[in-house]
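As a plain string of letters, each chain reads:
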Amino acid sequence: MKRKKLLQALSELLGQKKSKKLKHLDELKTLLAKLEVKRIELKEKIPLEKNKRKRKRLGKELEVIDAQHAKGLKNLQKLENP
Amino acid sequence: MLKKIILPTMLLILAYGFWVSPNFKAISAGVAIFLFGMLSLEEGFRAFTGGALDRLLKRATSSTAKSVLFGVISTSVMQSSSLVSVITISFLSAGLLTLTAGIGIIFGANLGTTTGAWLIAGFGLKVNIAAYAMPLLVFGIILIFQSSKALKGVGYIFAGLGFLFLGIHYMKEGFETFKETINLAEYAVAGYPGVLLFTAIGIFATVVMQSSHATLVLTITALAAGQITYENALALAIGANVGTTITAILGAMSANEAGKRLAGAHLVFNSVTGAIAIAFIYQLVDVVNWLSSMVGIANDDYTLKLAVFHTIFNLLGIVVMLPLLNKLVVWLEKILPEKKPEVDQPMYLSESSAEFPGTAVQAVRMETERVFKAALRIVIDGLGMNKDLVLSDADLEKALEAQTRVHQFDIDAMYERHIKGIYSAIVAFISRTQFSRRDESSTDLQLLREANTHLVEAVKETEQLQENLARYIGSDNEIMREAYNRLRLQIGLVVRDLEEMRESSGGVLDVSSLNALRLVVDEDRKHNQEALGELIGQGTVTPTMGSSLINDSVFAHHISRDLIRAAQTLFATSESEVTEAGQQIELDESDLNEIARHSD
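So the sequences go chain by chain: A and B.
Count the first sequence with our numbering and you get residues 1 to 82, in order.
Count the second sequence with our numbering and you get residues 1 to 600, in order.
Cβ-Cβ distance ranges computed for the label pairs, FRET-style:
| id | chain 1 | residue 1 | chain 2 | residue 2 | range |
| --- | --- | --- | --- | --- | --- |
| 1 | A | 44 | B | 583 | 27 to 33 Å |
| 2 | A | 44 | B | 354 | 45 to 51 Å |
| 3 | A | 81 | B | 416 | 55 to 61 Å |
| 4 | A | 33 | B | 393 | 32 to 38 Å |
| 5 | B | 393 | A | 37 | 24 to 30 Å |
| 6 | B | 407 | A | 26 | 55 to 61 Å |
| 7 | B | 355 | A | 37 | 39 to 45 Å |
| 8 | B | 537 | A | 66 | 33 to 39 Å |
| 9 | B | 373 | A | 45 | 27 to 33 Å |
Please keep in mind that the hints were generated in silico from the structure rather than gathered at the bench.
Glycine residues also receive a C-beta, built at the ideal position from the N, C-alpha and C atoms.
So here's chain A without its partners, still in its complex pose (with noise of 0.2 Å):
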């Protein structure tokens, strides 16, 4: 009776960890489709910019974006592939 009890606890628990990791997966997944329509978004806006200033801004926004989802993917891909 106690084995039964332990496994069904172990079983719920692994089973929580997996959706918990799939939970921070899906998250992840979304942060990085954000970023995507971001960089587009930015895309399009920097050469409709006539303020020097603004664009110089927009571009480094942009390069920042770029790094953001440089780095999204890597922890993406560490945590599909461990």
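Assemble the complex: chain A is given as a structure, and chain B must be docked to it using the hints.
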């Protein structure tokens, strides 16, 4: 308006006097040299303040009697009650002296100043004082040119004494020859009208010359030459005593309430003493005659008798006023109450807001926003920029280039007024609330405290930058003007960007936008360094200017970085705060440096 008329009128009258009377010229030159000597003497003693003199002052004022004695001795040595008053006011303002001790010194200084009358009457008129003046001046001037502060101080004291002696000599000479052409004693006024009239003249002369000592010397030399009567000379001495309070009053105008109270005490003491001396002048004359005969002063030695009179009536003042000292202090504290400084106080940091973590963080956040606004304002004003212009779409570069001078806005005063009170309260509030909370709120509070520190640093760095900026923006050196304009333009644009980003996103900033702004700021700094390197390499700027620019470009960079950091804590939202996944896309310092390297 009146001020503008007084000086030219006085100069014209003096010029006319010099033209018609060479003796008047000699006497006036004597007064001028004497006053210059006083200035030198003060300068000399000032060199020793902050050290031995200050330590002595602290030790010697532990009781009222000691304070009075200290006033007597220090004024006798320095021969300047004004200097003693000014030092006392500064000590009082700094809270190093009590008002009672300060008043004690002033009482003593009044008695100490009478030694001047003794020296002049007993020594200055009987000895060829000019013979001592010359060596003192030579030694003094040689020492003034030395680099050691102490030797310089001694030099000023020697030169000061030399000029004092020379001044007395000229006054004496002037009056001696004056009596051959005109007898001023004919204009003497007898009785009480004379006493009142000459007291008023004494007050006026002292107010104009800013020195009772000078009035007294003038009176004694005129008395010795028989140009004024003994009775009128006594009234002049009383007037000089009352008039001398003007120096303390002028000195206290810029002092705090404690300094003003001390000047008030000086005025009360000298006025009461003067009133007693006028009321009992004939009785005092009898006492002077009796005392003079006791100590062997000749009956017709009016100059020494004047010195006796001067000492007696000041001593009388102390005897009358000393028992009333505590009442005087209470009265002065009542009529000149401590003004509470107009300092911005926290609005949200209440005891109830400290009870819950959420409300505590919110309260500190709202206060920090106030500090942020004040800091932005100080940075903009401190660098001589117009707030509306910075926060508009206008061409800031052109507007700054057109500016030919920068008003040196008092950053320290604005910091004290608008930031310090709130900042201190925030720090105290966080220290009170953090100990029991080991949750997220505690981290938030720490971050907010750091944000405040960044803002305070931005203000302090602006202060560092301000002096050179004001100097070079107003200079003819186009290269330096351009370089400093570029520095403030970069800061102005950061402020504009921050406000613009906040406005366009409803008050919430995106971390990636702030990181982008940080990269722009870092790039600006790199460009500044490169441009500066070129300027120094080409020899377009001097090494001194170059080093100023290097330091100031660092300050400018720090100001921008500090403002961005504070904005990040205050207004930015980040995915990492919300989810664990967000932390995996968040860029740290090394990631940002990597981007900057790639951009090169």
